[in-house]
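Visitor: Listed here are the chains, written in short residue letters.
Protein chains: 2
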Amino acid sequence: MSHAAYARLTQRLARLGALGEAAAILHWDASTMMPKGGGAARGEQLATLAGLAHDMMIAPDMAADLQAASTQSAWEDANLALMRRAHLRATALPTALVEAVARANSACEKIWRDAKAHSDFAQVRPYLEEVLRLQRETAQALSAATGLTPYDALMDGYQRGVTAAEVEPVFNAYEAFLRDALPRAEEIQARRGPPLPLRGPFPAERQRALCRDLSLRLGLEAEHSRLDESVHPFCGGTTTDVRITTFYSEKDPAKALLGVLHETGHALYERGLPAEYARQPVGESAGMAAHESQSLIIEMQACRSDGFLAFLGPMLERSFGGDAAAYAPGNLSRLWRRVARGFIRVDADELTYPAHVILRFRLERAMIAGELAVAELPGAWAEGLRDLLGITPPDDARGCLQDIHWHDGGFGYFPSYTLGAMAAAQMMKAARAATPGLDAALAQGNLTPLVAWLRTHVHGHGARLGFQDLLRAATGKPLDPSDFQAHLRARYLDEDGQDRSAAASR
Amino acid sequence: MSHAAYARLTQRLARLGALGEAAAILHWDASTMMPKGGGAARGEQLATLAGLAHDMMIAPDMAADLQAASTQSAWEDANLALMRRAHLRATALPTALVEAVARANSACEKIWRDAKAHSDFAQVRPYLEEVLRLQRETAQALSAATGLTPYDALMDGYQRGVTAAEVEPVFNAYEAFLRDALPRAEEIQARRGPPLPLRGPFPAERQRALCRDLSLRLGLEAEHSRLDESVHPFCGGTTTDVRITTFYSEKDPAKALLGVLHETGHALYERGLPAEYARQPVGESAGMAAHESQSLIIEMQACRSDGFLAFLGPMLERSFGGDAAAYAPGNLSRLWRRVARGFIRVDADELTYPAHVILRFRLERAMIAGELAVAELPGAWAEGLRDLLGITPPDDARGCLQDIHWHDGGFGYFPSYTLGAMAAAQMMKAARAATPGLDAALAQGNLTPLVAWLRTHVHGHGARLGFQDLLRAATGKPLDPSDFQAHLRARYLDEDGQDRSAAASR
Numbered sequence: 099m100s101h102a103a104y105a106r107l108t109q110r111l112a113r114l115g116a117l118g119e120a121a122a123i124l125h126w127d128a129s130t131m132m133p134k135g136g137g138a139a140r141g142e143q144l145a146t147l148a149g150l151a152h153d154m155m156i157a158p159d160m161a162a163d164l165q166a167a168s169t170q171s172a173w174e175d176a177n178l179a180l181m182r183r184a185h186l187r188a189t190a191l192p193t194a195l196v197e198a199v200a201r202a203n204s205a206c207e208k209i210w211r212d213a214k215a216h217s218d219f220a221q222v223r224p225y226l227e228e229v230l231r232l233q234r235e236t237a238q239a240l241s242a243a244t245g246l247t248p249y250d251a252l253m254d255g256y257q258r259g260v261t262a263a264e265v266e267p268v269f270n271a272y273e274a275f276l277r278d279a280l281p282r283a284e285e286i287q288a289r290r291g292p293p294l295p296l297r298g299p300f301p302a303e304r305q306r307a308l309c310r311d312l313s314l315r316l317g318l319e320a321e322h323s324r325l326d327e328s329v330h331p332f333c334g335g336t337t338t339d340v341r342i343t344t345f346y347s348e349k350d351p352a353k354a355l356l357g358v359l360h361e362t363g364h365a366l367y368e369r370g371l372p373a374e375y376a377r378q379p380v381g382e383s384a385g386m387a388a389h390e391s392q393s394l395i396i397e398m399q400a401c402r403s404d405g406f407l408a409f410l411g412p413m414l415e416r417s418f419g420g421d422a423a424a425y426a427p428g429n430l431s432r433l434w435r436r437v438a439r440g441f442i443r444v445d446a447d448e449l450t451y452p453a454h455v456i457l458r459f460r461l462e463r464a465m466i467a468g469e470l471a472v473a474e475l476p477g478a479w480a481e482g483l484r485d486l487l488g489i490t491p492p493d494d495a496r497g498c499l500q501d502i503h504w505h506d507g508g509f510g511y512f513p514s515y516t517l518g519a520m521a522a523a524q525m526m527k528a529a530r531a532a533t534p535g536l537d538a539a540l541a542q543g544n545l546t547p548l549v550a551w552l553r554t555h556v557h558g559h560g561a562r563l564g565f566q567d568l569l570r571a572a573t574g575k576p577l578d579p580s581d582f583q584a585h586l587r588a589r590y591l592d593e594d595g596q597d598r599s600a601a602a603s604r
Numbered sequence: 099m100s101h102a103a104y105a106r107l108t109q110r111l112a113r114l115g116a117l118g119e120a121a122a123i124l125h126w127d128a129s130t131m132m133p134k135g136g137g138a139a140r141g142e143q144l145a146t147l148a149g150l151a152h153d154m155m156i157a158p159d160m161a162a163d164l165q166a167a168s169t170q171s172a173w174e175d176a177n178l179a180l181m182r183r184a185h186l187r188a189t190a191l192p193t194a195l196v197e198a199v200a201r202a203n204s205a206c207e208k209i210w211r212d213a214k215a216h217s218d219f220a221q222v223r224p225y226l227e228e229v230l231r232l233q234r235e236t237a238q239a240l241s242a243a244t245g246l247t248p249y250d251a252l253m254d255g256y257q258r259g260v261t262a263a264e265v266e267p268v269f270n271a272y273e274a275f276l277r278d279a280l281p282r283a284e285e286i287q288a289r290r291g292p293p294l295p296l297r298g299p300f301p302a303e304r305q306r307a308l309c310r311d312l313s314l315r316l317g318l319e320a321e322h323s324r325l326d327e328s329v330h331p332f333c334g335g336t337t338t339d340v341r342i343t344t345f346y347s348e349k350d351p352a353k354a355l356l357g358v359l360h361e362t363g364h365a366l367y368e369r370g371l372p373a374e375y376a377r378q379p380v381g382e383s384a385g386m387a388a389h390e391s392q393s394l395i396i397e398m399q400a401c402r403s404d405g406f407l408a409f410l411g412p413m414l415e416r417s418f419g420g421d422a423a424a425y426a427p428g429n430l431s432r433l434w435r436r437v438a439r440g441f442i443r444v445d446a447d448e449l450t451y452p453a454h455v456i457l458r459f460r461l462e463r464a465m466i467a468g469e470l471a472v473a474e475l476p477g478a479w480a481e482g483l484r485d486l487l488g489i490t491p492p493d494d495a496r497g498c499l500q501d502i503h504w505h506d507g508g509f510g511y512f513p514s515y516t517l518g519a520m521a522a523a524q525m526m527k528a529a530r531a532a533t534p535g536l537d538a539a540l541a542q543g544n545l546t547p548l549v550a551w552l553r554t555h556v557h558g559h560g561a562r563l564g565f566q567d568l569l570r571a572a573t574g575k576p577l578d579p580s581d582f583q584a585h586l587r588a589r590y591l592d593e594d595g596q597d598r599s600a601a602a603s604r
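In order, the protein sequences belong to chains A and B. Going by the numbering used here, the first sequence opens with residue 99, and the numbers climb by one from there. Going by the numbering used here, the second sequence opens with residue 99, and the numbers climb by one from there.
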């Protein structure tokens, strides 16, 4: 056993990390800056970086060092384990399969854009069949290498260590909760009457200034971040150069505003990762569910709280002017915490969002298991949505064609959204319990106490702990969906429309 | 001999080309978009890409394929020769030397920024001594591998195939020309009296729109280009995604305007390179002197011509308003073709600019030869400038500290500027001779005939021809400095202040 071998590995991983950072900036550029004519070359650039990274990961001397390496701390242990995991997953897949997957995903994604625009599932069907065939092959190969089930092996690529066997009962319990909670929430909401609309105009330039201001107020540093525009908002870049994007609608400022708060949550996580392990596997985030917990604790838990809305209302009024009553916190909460059965996942409210995820989890699991054919997908989708939310999509564009996932090869990712929402509620409860002034600070627009708690109990762990261990360390228990249900009950099932989340969780 | 080996080489070079493109976008980003806090990580990213590219270039199987490869066309011949040249230059330098050079250049450049701000040569001197020591070592190693003299081996890295023995008599002749021409040009100019100043305001937003409009009018495609801002203007990006930058002064629109025309010349060259050899050495530009000829033929030859200024004046008046007489072409030509002995190269006019280059050529050649020590540089600079232009820099900030070159390891680059200016005049004469309507089109703001000629006779050759062969192919003769002198005589030494370049060159 040799610590020199470990040191060599960290050097190799640092180069791999730098390649990953370069690719992240090129991806950001492609979505925000690149003229259209640069697209083909950008594809070549990214494919070359991915190919070089794969070559470095599967190189024989890497395998030898992974065998020989010894570590000197718990962090190094975790780092080495993550290196071994990455190497195992990379070597499990033949290069020909990796290339076939990249080609099939890229071809299907292109067709999907058109198929969605015309709501024409038949158009994309053969492409999606090929994508699924290759995902099943990938899942089998990863399963053989890791000992996980095929679907778990895919899920593990997004959120290490979470299995379908853990997720299934959690999702089933949520379904049962929702059957009771959704009609009650709708009834309470109907009794309260509709909110006043925010009346524009909402000039993009003023939205941009407000969004940047809020993002910095939440703790993102100007020296380490940017805010730009893209069709699909995201948080990208690198840990010292985080780049969030949004899209400004001049009719409705809520999308950009709440979207930027969401992406700022992701960005704060990146900024809080342990700098001493930069470009090492253990210095990365704990996974996609953990990442989503950080965007949702900021957007949903903190910034849609009564306290923060009371701070935000006057700020909006100053920026855009108009009807003061519309900016009152009670009205903002009715506008931005409105429950509605809808067809579109990304537009869904906090209460019904998990239904969209549960539907996709069940369908993709069945597809990977070979129990659901692509041809049966539109029907199974419509039936599943009817069963969960009592509505039927009028067409496939608002059904199984709405998301890019699957059509770009993304199987196993969807559960992360709802695991993240649940973890966010659980962490918020723990943060409140440990931080007496937290809600008072939120009402002043001050997230410092919350972010400080997250820095210590979540961000600073990097990828040292898996999802469940991270929750244990931060909250004293593994994933406990009852905290999320308590949050939803307090926010949506209380007769007077006040958010009792803060009180309920103390 | 094997064409399969050649095919393998083109694949390897395509990956190297893609890495180079990725680095170009990251460099652009660092100058235009990156928040300051991303700087250290960006250094790691670029160093990693450079290291991987170097590893790929010096790999043993690359050498074997270079030996075995056979070609099937003149283009392939040239491509293979350029591959061999790149490989020879890469393998000539020990990795330890390459790394030491990168470290020393980076350290010196940082200190130089501060030293220039305080005009404190002593501060940078030890760093520059280390940079020079390593450049001399590099030059020796390249000389041993290529058979060129050490200084020529450095120059060859910027402009392949041009030697100091060719440059020296050209520069000496220009010096002699200037001794006579400069006082005469000044006298004529003095007799004419000063031009009317352009009076602002010149809002950056309107300058930006005008610059972009002009750039597109010159033939740059919106789908393949961007215009952004940076402290030091440049043309970067890739051939299908060219990115030019400028800097807007609200007091004087000339800098951005003429700067963007200059960078557009570079960009048009990149856009005109042979697409079928994209990411191959033969698909690149013919070198730095060739590149400068393309920026200068657009900025100096075409856009500062009487005809184009007559088109530009009304356009400026529409954009900014103000005193119509100031926008008259006669006044614009006196403003923008003003001769002045100055200390700063980048602010110099067309006539005196070569003096700045001649000075630097002589000094850097002596330094590489070991005949001039860094400690003697400030004195030698002051003396040289006095000799060439009759003025003495008041301090080192306006003397040997003004340029980043040398302090970032750039020895051998300076001659390219003046070789490019001379080539531009020679090409313009040939383009005019071959294109009857060229000047009439310029007066309509139409560069299509000129750019079409450049596409065929310059851009489309890629790097297939070296600098002199490119000139031979385009103009029927190798570099002939008398065309540049004729251009300057017609523009600056004609009593009536009209530009006789067009007439003189027919």
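I should point out that these hints are in silico values taken from the structure, not numbers from a laboratory. Be a bit skeptical, because a hint or two may be false.
In this list, chains with the same sequence are indistinguishable; a pair is considered to hold if it fits within one copy or across any two.
As the list claims (entries may be wrong) - List of simulated lysine to any residue pairs, SDA-like, C-alpha gap at most 20 Å:
id, residue 1, residue 2
1, K208, D567
2, K208, I286
3, K349, E415
4, K134, R436
5, K208, M155
6, K353, V329
7, K575, V196
8, K134, A539
9, K208, R306
10, K349, A307
11, K134, G419
12, K134, D311
13, K349, L144
Visitor: For this structure, which hints from the list above don't hold up?
Guide: 1, 2, 4, 5, 7, 8, 9, 11 and 13
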